[in-house]
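Peer 1: One letter stands for each residue in the lines below.
Number of protein chains: 2
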Amino acid sequence: MNFESKFSVTVNRIKSNIIRELLKTATAEGIISFGGGIPDPETFPIKKLSEISNEVIMNEYKIALQYGSTEGDPELRKQYIRLLEKYEDITCLDEENLMITTGSQQALFIIGTVFLDEDSYCAVSKPIYLGAGSAFNQRNPNYISIPLEKDGMNLDILEKELKKLDEEGKIDKFKFVYTVSNFHNPAGITLTLEKRKRLIELAEKYDFIIIEDDPYGALRFEGEKMPSIFKLNKGERVILLNTFSKVLSPGLRIGVIVGNKELIKKMVLAKQGMDLCSSTLTQRITARFMEKYDLFEEIQPTIKLYKEKKDKFMESLEKYLGDLEEVDWVRPEGGLFSWITLPEGFDTMEMFEIAKEKKIIYIPGETFYVDEPERNTMRVSFCLPSFEDLEEGSKRLRATIEEYAKKKGLPLKIK
Amino acid sequence: MNFESKFSVTVNRIKSNIIRELLKTATAEGIISFGGGIPDPETFPIKKLSEISNEVIMNEYKIALQYGSTEGDPELRKQYIRLLEKYEDITCLDEENLMITTGSQQALFIIGTVFLDEDSYCAVSKPIYLGAGSAFNQRNPNYISIPLEKDGMNLDILEKELKKLDEEGKIDKFKFVYTVSNFHNPAGITLTLEKRKRLIELAEKYDFIIIEDDPYGALRFEGEKMPSIFKLNKGERVILLNTFSKVLSPGLRIGVIVGNKELIKKMVLAKQGMDLCSSTLTQRITARFMEKYDLFEEIQPTIKLYKEKKDKFMESLEKYLGDLEEVDWVRPEGGLFSWITLPEGFDTMEMFEIAKEKKIIYIPGETFYVDEPERNTMRVSFCLPSFEDLEEGSKRLRATIEEYAKKKGLPLKIK
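Taken in sequence, the protein lines are chains W and A. Numbering of the first sequence is given in the working numbering, commencing with residue 3 and proceeding in unit increments. Numbering of the second sequence is given in the working numbering, commencing with residue 3 and proceeding in unit increments.
Next up, chain W with everything else stripped away, as it sits in the complex:
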């Protein structure tokens, strides 16, 4: 049978995940990878999780092995409210302000479904978190792509674009701004307090919603913790997304959406047709873990480890790339990523072949754009490689850049 004619327009629009394809081709012995954005499995609290899962299955099977509500486990929502109170000073939430999702990816997909039609507009950062792109793309909206600066989205450009939409009479089709507020994936950047406040002002002026995605906020190594946009706006027009993937385990597939009750209600309706409910077993395990242990106390060793790796990585990049003109990188205060920019004319996707030969892997930046990409950028993660590999990998990166420059006849200026 020829299936081509049977596929929907929507699915024919979906492109294969380039990161996945790239990583598949890069599996040679001895390779050092800055590619992954996944936590170190040695940081998972396996003994505690195993004990809790035993208790949950034996004593709470009537709930933990049964169908659950689409909104999510009430116990988990209760625990999460407690955590937001304690660590984010967000108060006055009740269970109806929260829903549980199958990982943050589903939260993004639900956001797309609930707000976007083909004639809708939304603003996203440039570069954008790939998962958000793939979730929103299924709705085929119009993107307004806003460049990231060292202190977050360029809000002057955002305001200009909003003004333009307003003048064109299309502002009612503008639904939301999507932002990763802390330690952005892929760019490692954090939105400053000043910009957070200004973003809220813009949202009020142009009447839009802010989607604040914060998977990395708990992984701050240094610098001052910032209030969430959600907190600053008292949750009025901000939807906060979070996940347990970076602070407990991705395999549980637990995400959280926090927002206005009316919005949560709509999102629950959307999720119902998507998967009825997330795993009641992993939800209850997470709830009991949070009840018994202080999630953020538990990850202090992880944060310490990541900070040391980040310091080592920054030091290595300085050592091997520091003398190059027009080469720069983000020095993150938390999270898993830095973002390297090479001189104009470099194409990191093309350069990837040389990198593979030199046994060093990064993610070419061009994968993180919903429109015209910048080709001289790359995402690099420091959380999985060993300290030695962070140094050796940086050295290989220098060699890769040099060989590519030579091959393409690009000037590589020394400071």
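Check before you lean on any hint, since a few could be wrong.
For chains that are exact copies, the list does not tell them apart, and a pair is met inside one copy or across any two.
Claimed, not checked - Here are the simulated lysine-lysine pairs, DSSO-like style, with alpha carbons at most 27 Å apart: (1) Lys-267 x Lys-17; (2) Lys-17 x Lys-175; (3) Lys-152 x Lys-267; (4) Lys-50 x Lys-64; (5) Lys-267 x Lys-26; (6) Lys-267 x Lys-88; (7) Lys-294 x Lys-50; (8) Lys-64 x Lys-358; (9) Lys-26 x Lys-64; (10) Lys-409 x Lys-199; (11) Lys-417 x Lys-162; (12) Lys-64 x Lys-361; (13) Lys-49 x Lys-64; (14) Lys-17 x Lys-263; (15) Lys-49 x Lys-309; (16) Lys-263 x Lys-26; (17) Lys-309 x Lys-64; (18) Lys-306 x Lys-64; (19) Lys-80 x Lys-26; (20) Lys-233 x Lys-80.
What the hints contain is simulated information worked out from the structure, not anything from laboratory work.
Since chain W is already given, all that's left is putting chain A on it; use the hints.
Peer 2: Quick look at chain A alone, frame taken from chain W:
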């Protein structure tokens, strides 16, 4: 903020789940419920699951607590292929013919996304499984609703409709027939071998796909096991959906799609944006359970229990409704449901208020239609109530019917 203008056309189309709303209002003390379609939690193998989950977390945490592939756990796919070989005599499948989903609901949602646009057609049974309706509705397709008879879909009507579409030049917009082949939810009906074969013939003639949803097939109490449509067609144009919710535990949220590799590839692309992957923990637990135990041997006691309950229920219905003219019900050979039809003029949704007073709950049939509903039908499940409650509930049902008939001045003829 007024959110109304921000919602998508898609989400504004989603109606709240009526079953959920009904069951919420029906929580009084002493109520007997034929409403649920959920397994008896006492049938969950908690000791075995707890042991396995312990082993999986302690020994396989690098996989079971980490992100996994969108296709699903290779170990689980391997085990499922083994099961299909052993119990369904389906051979020649490899891992690329399978993907794992977050419950069967996600499988249905993916099917909708991959095949349906707003100008697409698909045929579904009348009544339809509610979850399929809510998944497909998000795509807003054109439905061709085919009445169920005691031996399955009325294929004469299906053929007539297909012919009509063909004549109108729209047959290329016809994507699939969706059918629950064994012990239909809500109707309890099984598609006969003859009709299975004829459905395949029609699919070949009019070039469409068959979606065979089989969550209940393993729960056969009596009668002869039938080859799946997938098996009969060698999987060429049939996509088989299954789930562990009825044979192991719904809380794991594990469904399976089996089909042509080209189709699976597209479905994996769609799932990626939806939730990246299903819980790697519950997938690996399921895989190890299947490796260590024979899933179908394990559920024999459950099947025996359900059969006894079904027998008791059929006996009770005969006792309390058997003398009524124009009242009939489905005598299922497996699964969880029967379907009662009352005389013309009865409205089971309206009657629900009286039922609540008499402390008996069923699901009004009108919830199971994507177009014009029949109002004199109801879904009744026998798997959760005790033997005493199956009898007492049937008695209350009779009293409900009598009181409603009296109130509405409807004749209630005795045979």
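Peer 1: It remains to establish, for every hint, whether it holds in the given structure.
Peer 2: Hint-by-hint comparison with the structure:
{"no.": "1", "hint": "Lys-267 x Lys-17", "result": "between (31 Å within a copy, 12 Å between copies)"}
{"no.": "2", "hint": "Lys-17 x Lys-175", "result": "both (26 Å within a copy, 23 Å between copies)"}
{"no.": "3", "hint": "Lys-152 x Lys-267", "result": "neither (36 Å within a copy, 39 Å between copies)"}
{"no.": "4", "hint": "Lys-50 x Lys-64", "result": "both (22 Å within a copy, 15 Å between copies)"}
{"no.": "5", "hint": "Lys-267 x Lys-26", "result": "between (40 Å within a copy, 16 Å between copies)"}
{"no.": "6", "hint": "Lys-267 x Lys-88", "result": "within (25 Å within a copy, 44 Å between copies)"}
{"no.": "7", "hint": "Lys-294 x Lys-50", "result": "both (10 Å within a copy, 24 Å between copies)"}
{"no.": "8", "hint": "Lys-64 x Lys-358", "result": "between (51 Å within a copy, 25 Å between copies)"}
{"no.": "9", "hint": "Lys-26 x Lys-64", "result": "between (41 Å within a copy, 18 Å between copies)"}
{"no.": "10", "hint": "Lys-409 x Lys-199", "result": "neither (47 Å within a copy, 63 Å between copies)"}
{"no.": "11", "hint": "Lys-417 x Lys-162", "result": "neither (36 Å within a copy, 78 Å between copies)"}
{"no.": "12", "hint": "Lys-64 x Lys-361", "result": "between (50 Å within a copy, 23 Å between copies)"}
{"no.": "13", "hint": "Lys-49 x Lys-64", "result": "both (24 Å within a copy, 13 Å between copies)"}
{"no.": "14", "hint": "Lys-17 x Lys-263", "result": "between (34 Å within a copy, 17 Å between copies)"}
{"no.": "15", "hint": "Lys-49 x Lys-309", "result": "within (24 Å within a copy, 41 Å between copies)"}
{"no.": "16", "hint": "Lys-263 x Lys-26", "result": "between (42 Å within a copy, 19 Å between copies)"}
{"no.": "17", "hint": "Lys-309 x Lys-64", "result": "between (42 Å within a copy, 22 Å between copies)"}
{"no.": "18", "hint": "Lys-306 x Lys-64", "result": "between (39 Å within a copy, 21 Å between copies)"}
{"no.": "19", "hint": "Lys-80 x Lys-26", "result": "between (40 Å within a copy, 21 Å between copies)"}
{"no.": "20", "hint": "Lys-233 x Lys-80", "result": "within (18 Å within a copy, 47 Å between copies)"}
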